[in-house]
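Enquirer: The chain contents come next:
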Amino acid sequence: MPGGQATAGGEDRVVICRCEDVTLQEIRRLIGEGVHTLDEIKRLTRAGMGLCQGRTCRHLILQEVSRLTGVPVEELSLPTFRPPTRPVKLGVIVRAGGERHG
Amino acid sequence: MGRTADAVVVGGGIQGVAVAYQLASRGLKPLLVEQEYLASGSTGRCAAGVRQQWGTEMNVLLARASIKMFERMEEELEYPRGIEFKQRGYLILAYHERQWDQFLRNVALQRSLGVPVEVLSPEGAREIVPYLSLEGVVGATFCPEDGHINPFRAVEAYAQAAVRLGAEVWTFTRVTGVRVEGGRVVGVRTSRGDVSTPVVVNTAGPWSDRVAEMAGLHIPTYAQRHQILVTEPVGPVQGPMVISFCHGLYCQQTPHGSFIMGLGDPHEPRNLDCGATWRFLEEMAAIVTKMLPPLAQLRVVRQWAGSYDMTPDAQPILGPAPEVEGCYYSVGFSGHGFMLAPMTGKLLAQVIAGEEPDLPIGRLGPDRFARGDLILEPSVV
Ligand SMILES: Cc1cc2nc3c(=O)[nH]c(=O)nc-3n(C[C@H](O)[C@H](O)[C@H](O)COP(=O)(O)OP(=O)(O)OC[C@H]3O[C@@H](n4cnc5c(N)ncnc54)[C@H](O)[C@@H]3O)c2cc1C
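Protein chains in written order, with our numbering: chain A, 1 to 102; chain B, 103 to 483.
Treat the hints as calculated values from the structure; they're not laboratory data.
Treat the hints with caution; some may be incorrect.
[Said to hold, decoys possible] Partial chain B-side listing against chain A, Cβ under 7 Å, derived:
| # | residue |
| --- | --- |
| 1 | 254 |
| 2 | 267 |
| 3 | 362 |
| 4 | 374 |
| 5 | 377 |
| 6 | 382 |
| 7 | 383 |
| 8 | 384 |
| 9 | 395 |
| 10 | 401 |
| 11 | 405 |
[As the list claims (entries may be wrong)] DMTMM-like, lysine to aspartate or glutamate: derived pairs with alpha carbons at most 25 Å apart:
| # | chain 1 | residue 1 | chain 2 | residue 2 |
| --- | --- | --- | --- | --- |
| 12 | B | 392 | B | 237 |
| 13 | B | 392 | B | 199 |
| 14 | A | 89 | B | 367 |
| 15 | B | 392 | B | 229 |
| 16 | B | 131 | B | 458 |
| 17 | A | 89 | B | 384 |
| 18 | B | 131 | B | 159 |
| 19 | B | 170 | B | 237 |
| 20 | A | 89 | B | 415 |
| 21 | B | 170 | B | 384 |
| 22 | B | 392 | B | 375 |
| 23 | A | 89 | A | 20 |
| 24 | B | 131 | A | 99 |
| 25 | B | 170 | B | 220 |
| 26 | B | 131 | B | 457 |
| 27 | B | 170 | B | 460 |
| 28 | B | 392 | A | 99 |
| 29 | B | 131 | B | 199 |
| 30 | A | 89 | B | 159 |
| 31 | A | 89 | B | 457 |
| 32 | B | 131 | B | 427 |
Even for Gly, the Cβ is constructed at its ideal location relative to N, Cα and C.
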């Protein structure tokens, strides 16, 4: 399971980012190629760019980077948080704007 | 200490990696220095739309050559991940007669330079995007070869190919000074130490004026915020990028299924601020749901901002700095520097390597502002 201890083979196929369907294997390959920041991993794989905006995968990827590079989790930087906090329909934004401006 | 390079490229956005690759493929050993990670500046924040439908000969030629290069890029750069080039066209809408007359002049120019562009009635435009609202639309032009690319992948492709050819890339390293002696470049200072070099290429995007300043040079570029948003992914419904210069709007569905859309705002402050505002979200939502009504159902998952690196005529500065030998610019792309990078990178590398460039670029030099010889491009967002 994600976040569990590394064991044999099948682990690599574990899906780390469920919104964008990114596997642990893809993340490990990138880290192996020297890509060590969450911002870069996000931009190259889309991990964390989906509907939940990284709520689940962010910490799993951080742990993985930390484990493979030996840098403590606290010293790794998090990707920029981008609004809105929850996905919101364009039509709803229009209505909200209309009400506010009368 | 003791480091040398044939050229130091300052900035790892699309312009920097394209120049570095082109220099390396000419046998030079460039060092590219990027203060954060590659594509962390405008390039990683942009809409990455590519179009040939421009209103000046120079822009049409640069964009057309670049699109041909993007088409062959995965093969040329041996890039296995793929740059996700979606060529489903740009549909450009005209909303008043005067603009329509300009579009028809643009089309004549574009066709004379070999661009396959179609002139459409409002109904014709609707055949391409069936849910387009025709309210106020006078006509449209469409070029099926225009499209969209994944900018992170394009940067990675160029950087990896450059390194294979002998270039070096330093990320998380800042250039802090440019050393000039007797009117020529002799080196740069970086947060990782000094490097001796006879050539410095300024590809610092929105930071271009600051990097020029390091060599004692003044260029009239300035950073200006531009906001953008992305929606949840849905099945493929929109082929082309839809743009309107009247509204300053562009809206595109990516191969991933999400819609990316942005809105120009001439009142944005001139600085490096990349904060996102509620006001943008509201204006964007209001305009795009009028133009493309069914998009009201789409949920916005993320909004962000990047900087345009602006010049007084919204055209790039490309070529040598007249005052300091060895200093070169590829800056000031004013919101359309992703799509021109393959060709501008090649042209600048040709000039640096002492070759005859494929196109004459003298008019893009920084001295045009003092001469008052501005390039007037009618088709910018
Ligand atoms: C919202 C938005 C939408 C856009 N849409 C499009 C589009 O659809 N099509 C298109 O063609 N263009 C578009 N653009 C414009 C496009 O993003 C830029 O023209 C292009 O990316 C410029 O690339 P660049 O390499 O010059 O700059 P950048 O990508 O900004 O690269 C400059 C780099 O220099 C680095 N740097 C700066 N100073 C230093 C220093 N002292 N030392 C080391 N490194 C330094 C920065 O960190 C940065 O990474 C858009 C821009 C924005 C903001």
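Enquirer: Against each hint, give a clear statement of whether it holds in the structure.
Expert: Outcome of the hint check:
1. 254: holds, 4 Å
2. 267: Constraint on residue 267 (chain B) not satisfied, violated at 18 Å.
3. 362: violated, 12 Å
4. 374: This hint is violated: residue 374 (chain B) lies away from chain A, its Cβ roughly 15 Å from the closest one there, beyond 7 Å.
5. 377: violated, 10 Å
6. 382: violated, 10 Å
7. 383: holds, 6 Å
8. 384: Cβ of residue 384 (chain B) sits 4 Å from chain A, so the hint holds.
9. 395: The hint is violated - residue 395 (chain B) has no Cβ within 7 Å of chain A, the shortest such distance being about 9 Å.
10. 401: holds, 4 Å
11. 405: Hint holds; residue 405 (chain B) Cβ to chain A Cβ min 6 Å, cut 7 Å.
12. B:392 x B:237: Satisfied, since the Cα-Cα distance of roughly 9 Å is no more than 25 Å.
13. B:392 x B:199: holds, 20 Å
14. A:89 x B:367: The hint holds at about 22 Å.
15. B:392 x B:229: Roughly 18 Å separates the two Cα atoms, so the pair holds.
16. B:131 x B:458: Distance ~20 Å between residue 131 (chain B) and residue 458 (chain B) Cα, so the pair holds.
17. A:89 x B:384: Distance of about 11 Å is within 25 Å: holds.
18. B:131 x B:159: violated, 33 Å
19. B:170 x B:237: violated, 35 Å
20. A:89 x B:415: violated, 37 Å
21. B:170 x B:384: violated, 37 Å
22. B:392 x B:375: Violated, at about 29 Å.
23. A:89 x A:20: Distance ~20 Å between residue 89 (chain A) and residue 20 (chain A) Cα, so the pair holds.
24. B:131 x A:99: Violated. Residue 131 (chain B) to residue 99 (chain A) sits at ~60 Å, over the 25 Å cutoff.
25. B:170 x B:220: Holds - the C-alpha atoms of residue 220 (chain B) and residue 170 (chain B) are around 19 Å apart, at most 25 Å.
26. B:131 x B:457: The given pair, whose Cα atoms are some 17 Å apart, holds under the 25 Å limit.
27. B:170 x B:460: Cα-Cα ~14 Å, so holds.
28. B:392 x A:99: With Cα atoms ~17 Å apart, residue 392 (chain B) and residue 99 (chain A) stay inside 25 Å; holds.
29. B:131 x B:199: violated, 53 Å
30. A:89 x B:159: violated, 41 Å
31. A:89 x B:457: violated, 53 Å
32. B:131 x B:427: Between residue 131 (chain B) and residue 427 (chain B) the Cα gap is close to 19 Å, so the pair holds against 25 Å.
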